[in-house]
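*Asks:* Sequence:
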Amino acid sequence: MIEAAPDSADYAPDLRRIALDFDPLEGVDLPVWDRKPCPTPLIPEFVDMPAGQHLYAVMDGARRGAVLGTNDLDCLDEDLGAVPLFDTGGAEDVQGPWLIDLGREGVARDRFLADFFAQFSGTRQGIFLRSAADAGELRAHLRGLLKVARGDAEEPRDFLRYWDPMVAAVLMDQAVMRPKRLERLCFSRSGAAIDWYVEEGAARFLHYHVGGDGPAMKARGPVHLDAEDEAAFQGLAYVALGGALAKWLFDAYPIGAPDAPRMDRIGRHLVAQGQRFGFGLKDEFSYLGHMSVHLGAWFFETGLFAPVMAVLADDAKARHKPLRGAFSQAWAGSYLPVVAAARAEMLADPLLADGPFLDHEGVGDLFKRHLPGPAHGDLRPLWRKAMAHARACDMPDELHPAAGLLTIFAGYRFYEDPLVCAGVLPDDPAAWQDVFSFVWNELKGESHG
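Quick note on numbering: the numbering used here labels position 381 of the sequence shown as 384, and the sequence is numbered without any gaps.
For the record, the hints were derived by calculation from the structure and aren't laboratory data. The hints are all genuine.
Under the rule of at most 25 Å between Cα atoms (straight-line distance), these lysine to any residue pairs were calculated in the SDA-like manner:
{"id": "1", "residue 1": "K183", "residue 2": "L163"}
{"id": "2", "residue 1": "K324", "residue 2": "L284"}
{"id": "3", "residue 1": "K371", "residue 2": "A413"}
{"id": "4", "residue 1": "K447", "residue 2": "G426"}
Given these sequences and hints, build the entire structure.
*Replies:* Take a look at the structure:
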């Protein structure tokens, strides 16, 4: 639990991170009525709730129909109390945000939750709220948050998608040390407390809770954003960019199944590295993704692609244009075409019949047999870097030669490359073995569990 010291005696704000530690598809093969309503760590929050509390969901109307299917959910509207927040009388009402009253118990409630967590966890479908306020009062509270003002003197006019988990997390984090902001977000007009549950990826929920009672009031003022808020929300643009980049890569290249956690890791990596090089255009980030697919996500640390690095080190605008020519030049002058031509032959070598776990002498024999001549000039520095990083990240000694070999095929630091593996370092010898076996099977085109 992370606690923030309140600057008002009436509030005790805190943030808890709830690790779900579950397979998001757990039980998906079971009939929906036989599944658990939610992951075990959330049962005290969503099922065994305090007396008088109700659970609510807020999500786009365009997305809510996917949970249980449009027909099923529409049939359950009466039981779940699903109502739009907009009341314009037009299509905006249906497509915009909806408040879904999940109540305290019931078949419809459990089916909604089970379907959400089996299929949509981590996909930014919406947020959950828990409160003693009834649906009508909560809807009025949420409608008052739809528009924000930029500055105290302005009228609220900017639309705020606070039911997007990314936006909600920023909004709540910015409120933790501001009593008035907490009061506006976390208490209804009658003073009923409202707990926010926001997904942070596919495996963790953020729970925002404010203790104490809020003041009852007839009128509620709008949320006003200041310079600190603006800076925090600006980061969301990069999060959205990361999601768009990852989706494009999965659509454009055969790099595996586009599960939400992996897409998130790829997007965050590309955005972080693009910012490192001072990128300001989406096309620059996109071309970095293209190169990372072909050269490996950590190619810029190898020193083997000088034409590319010269462009990346420049601070000119629109670097995606010169990167195209530099990439072709770097590819043609590197070890990659040689390895690509010899790959099938190398993978079929009897030395590798039982996997890539060769000693140094065996790897040397493999190179001499299949990569003669100038190719060794490019491979030696890559091999040395691979060995140095293997030692630095506490890889088991027996895997060092295999790390060098697989680096040639899968790219430098392939084991923490989000386009190849999980994007995080293994934490024990068995996990290292699993990663190496996974990459080896991928290279050979074999199925694996």
